[in-house]
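> Sequence:
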Amino acid sequence: MTSVPLILNASIRDVTCGERVRIVAPANVYECTLGDDCFVGPFVEIQTGVKIGARTRIQSHAFICELVEIGEDCFISHGVMFVNDLFSVGGPARGRRELWRSTTIGARVSIGSNATILPVRISDDVVIGAGAVVTRDISEAGIYAGNPARLLRRLSPTD
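Sequential numbering of the sequence shown, starting at 74, is according to the working numbering.
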């Protein structure tokens, strides 16, 4: 027997937007908040409850899951993945939201292509290298890279 699949289309719906927000379709952006002058590239998913600060750019193929907050003037490069489920029960939480954890990204943070960000807090003025896996909180301005991401160089306010 052959059945017909349920086809769901990407959509942009129920988004609270500041002024001059640009979203490039196709994108799946819903029930989130985008600050003034944000840019969202194509093939991006931004899920329910996400908050993105003013002047932040989200490049193509990024995935921003629930419980993520991103500060102002950030740059999220191509293919960046945010994770809120740490498989704390040995597998996916399967809808048990109480097992999910949040992520907070400070202001002026740049995250390189294909980085993976687990539930952490990242302070202001941080650069995350391409392909890095951030597994722990980052509380000091600097450049971080690797798996797991480690501090390569501190940044001062004049850098």
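The set of hints was computed from the structure by calculation and includes no laboratory data. Check before you lean on any hint, since a few could be wrong.
[To be verified] Per label pair, the in silico range of CB-to-CB distance:
1. P99 <-> T121: 16 to 22 Å
2. R194 <-> N82: 32 to 38 Å
3. F160 <-> T89: 40 to 46 Å
4. E213 <-> T121: 39 to 45 Å
5. I85 <-> L224: 35 to 41 Å
6. L224 <-> V77: 25 to 31 Å
7. L225 <-> E92: 23 to 29 Å
8. N220 <-> N82: 30 to 36 Å
9. D109 <-> D197: 26 to 32 Å
10. G164 <-> V77: 17 to 23 Å
11. P221 <-> T121: 25 to 31 Å
12. P221 <-> E171: 39 to 45 Å
For glycine and all other residues, C-beta sits at the position ideal for the given N, C-alpha and C.
> Are any of the numbered hints broken by this structure? If so, which, sorted upward?
As far as the earlier hints go, 3, 4, 6, 7, 9, 10 and 12 are violated by this structure, in ascending order.
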